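So the sequence lines, in the order shown, correspond to chains B and P. For the first sequence, our numbering gives the first residue as 16, with consecutive numbering after it. For the second sequence, our numbering gives the first residue as 114, with consecutive numbering after it.
Heads up, some of the hints might be wrong.
Claimed, not checked - Cut-off 27 Å, straight-line C-alpha distance, at most; resulting in silico cross-link-like pairs (DSS-like, lysine-lysine):
1. P:Lys378 / B:Lys47
2. B:Lys182 / B:Lys235
3. P:Lys290 / P:Lys378
4. P:Lys384 / B:Lys146
5. P:Lys384 / B:Lys267
Said to hold, decoys possible - Output of the computed footprint for chain P on chain B, the stretches with three or more beta carbons under 8 Å from beta carbons of chain P:
6. 102 to 108
7. 131 to 141
8. 144 to 153
In short, the hints are calculated from the structure, not lab data. Since the structure is predicted, the reported quantities are computational estimates derived from the model, not experimental observations. C-beta atoms are modelled at their ideal positions from N, C-alpha and C, and glycine is treated no differently.
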Amino acid sequence: MNRLRDLANYARVMGMSEHALEIVNVSKTFVKRDEDSREALGLRRLSSALRRRRTRTAVVDNVSMYVPRGAIYGVLGPNGSGKSTLVRMISTLLLPDAGHITVFGYDVVREPLAVQRMINRVSVDAAFFKKLSAMENLIYTGRLYGLRPAASEERARYILGRLGFDKSRINSPMEELSRGMQQKVAIARGFLSSPVLLLLDEPTTGLDPKSKRDVQEFIKQLREEHNATILLTTHDMAEAEGLCDRIAILDKGRVIAFDTGDGLKAMCRKDDVTPTLEEVFIELTGRRLDSEEGE
Amino acid sequence: MSRILTEAMAAYGFVERQFMLLKRYWMWELVWLLYGMSMTLSIGFLGVGMQSLTGARLDTNHLILYLLTGSLLWGYLSGLFWDISHIVSWERWEGTIEYTFMAPISRISHIFGMSLFAIVYGIVRTLLMLGLVVLFFHLDLGKANLGGALVVLGIASFSFLGFGTMVAVLPLMSPEKGSQIAGIVEGILLMVSGVYYETSVLPRWMQIISAFSPATYTLRGMRRALVEGAGLGHLLDCLLPLVAMGIILIPLGLKVFQWGEMYCKRTGKLKRSG
Numbered sequence: 016m017n018r019l020r021d022l023a024n025y026a027r028v029m030g031m032s033e034h035a036l037e038i039v040n041v042s043k044t045f046v047k048r049d050e051d052s053r054e055a056l057g058l059r060r061l062s063s064a065l066r067r068r069r070t071r072t073a074v075v076d077n078v079s080m081y082v083p084r085g086a087i088y089g090v091l092g093p094n095g096s097g098k099s100t101l102v103r104m105i106s107t108l109l110l111p112d113a114g115h116i117t118v119f120g121y122d123v124v125r126e127p128l129a130v131q132r133m134i135n136r137v138s139v140d141a142a143f144f145k146k147l148s149a150m151e152n153l154i155y156t157g158r159l160y161g162l163r164p165a166a167s168e169e170r171a172r173y174i175l176g177r178l179g180f181d182k183s184r185i186n187s188p189m190e191e192l193s194r195g196m197q198q199k200v201a202i203a204r205g206f207l208s209s210p211v212l213l214l215l216d217e218p219t220t221g222l223d224p225k226s227k228r229d230v231q232e233f234i235k236q237l238r239e240e241h242n243a244t245i246l247l248t249t250h251d252m253a254e255a256e257g258l259c260d261r262i263a264i265l266d267k268g269r270v271i272a273f274d275t276g277d278g279l280k281a282m283c284r285k286d287d288v289t290p291t292l293e294e295v296f297i298e299l300t301g302r303r304l305d306s307e308e309g310e
Numbered sequence: 114m115s116r117i118l119t120e121a122m123a124a125y126g127f128v129e130r131q132f133m134l135l136k137r138y139w140m141w142e143l144v145w146l147l148y149g150m151s152m153t154l155s156i157g158f159l160g161v162g163m164q165s166l167t168g169a170r171l172d173t174n175h176l177i178l179y180l181l182t183g184s185l186l187w188g189y190l191s192g193l194f195w196d197i198s199h200i201v202s203w204e205r206w207e208g209t210i211e212y213t214f215m216a217p218i219s220r221i222s223h224i225f226g227m228s229l230f231a232i233v234y235g236i237v238r239t240l241l242m243l244g245l246v247v248l249f250f251h252l253d254l255g256k257a258n259l260g261g262a263l264v265v266l267g268i269a270s271f272s273f274l275g276f277g278t279m280v281a282v283l284p285l286m287s288p289e290k291g292s293q294i295a296g297i298v299e300g301i302l303l304m305v306s307g308v309y310y311e312t313s314v315l316p317r318w319m320q321i322i323s324a325f326s327p328a329t330y331t332l333r334g335m336r337r338a339l340v341e342g343a344g345l346g347h348l349l350d351c352l353l354p355l356v357a358m359g360i361i362l363i364p365l366g367l368k369v370f371q372w373g374e375m376y377c378k379r380t381g382k383l384k385r386s387g
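Bound-form chain B, shown alone (with noise of 0.2 Å):
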């Protein structure tokens, strides 16, 4: 009974689902207390009913991608126009309010644990148990996505190697590794237990142009090599431009413009004139990438 399920699922991975990654008109609001409103007004001392005051804001609204197996889908959008909801959505961390989104035909509510045996994730910020060396975090995370220590080392030596990453600090405690080698150590435990759809968040930011593109070499690899699926949210146009497949431009929560990189540009030339893509995420979303705007 368990083998055909099994097989039932390799199946499903293997291509019997038409897409790698499904999002159907997912959307996900957040509701905040007005803080800042209420100290703007000099307001401290309301009554509680009016303390309690709470607004909504649709972070992703609407959202629908179809990414197919072993394509790389691009992201871009400035600060706070729902990019890393979208990729927590994906992740099983945060419940979408509003349809809903599958990988390999697994839904992400209502099963999670066959998602997250799919699945892993690189975000911008390199979060670890500081105290531990780069291996130790490493071996532990092996453990959760069912590594013995030994495959768990093999693997990671290989990847850090590709990246470019020191090998002489490989058991140094993370707290004293700088902020581009900690990415990289993030990168490799995304790559780690070798998902089948990964999901990179902003995965090159803080690294130096060399490591940015080891990193960009080692994603096209394991699409290559693995057929790996992968969905990247970048800020770096470079970036999206020499990866993605397709190109999604997310605005206040909704993809404003889908298409591939030059399907992009041809969308906005004028005169004769093509634009470059940052050009044309200027023109769309009427602001510039780095805008200032908490997500």
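Given the coordinates of chain B, work out where chain P should sit on it, guided by the hints.
Frame of chain B, contents of chain P only:
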């Protein structure tokens, strides 16, 4: 079968991680051990000085053992309670909470792994301290039923596991206030469970609360085993409530924690670091 193995490996991963952290924070561990020893010895000296303080003729060995059992046991139980109720806070401090919660493991394995570490670590630390205070005060443990004491401790650990898991939901749901409330719960347990006195000296309303605390039965059972040398038959009235509490509190704690986790996933509170 492979699913069980994966979950067991993940649970062991938490134990291994905590021991690795213990190794890295060894200076702090030494500080806490010395601090705990000082506290326990101070309580012991209170027993030593009681005869000259009151002028009454007292069984000093009995009194010291009575007080030290309370002190050592509270050190163990409060440590266990702290480790379990701060499963989430710990991950928040390090910023790793999202990575742990998106790993393909059940929450039961997560909590079980953390609890297993807390129990093993707590028992080793308590036995070490017990050995040191016995030597220091030349206590006579010839009458003590050490096996019975370990049975009480083992069963009590499971009741505390359930209780701690329920309280762990507080730091999960409120990063700002959850840990503080967990501290208040711990303080109340200390007061009502009879750590240094019989619960019969408490006001009636406090005695009612103490009847619901697993620490009350643990302390009572441990004292009977260590001080009076009571056999398992005479410990049943302490063991049965502890077993009942474990049976009720462990599934209830897991249910409450799962509910809290879903609440956080709905409201986005897992993301917040504190």
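Hint check, failures only: Violated hints: none; all satisfied.
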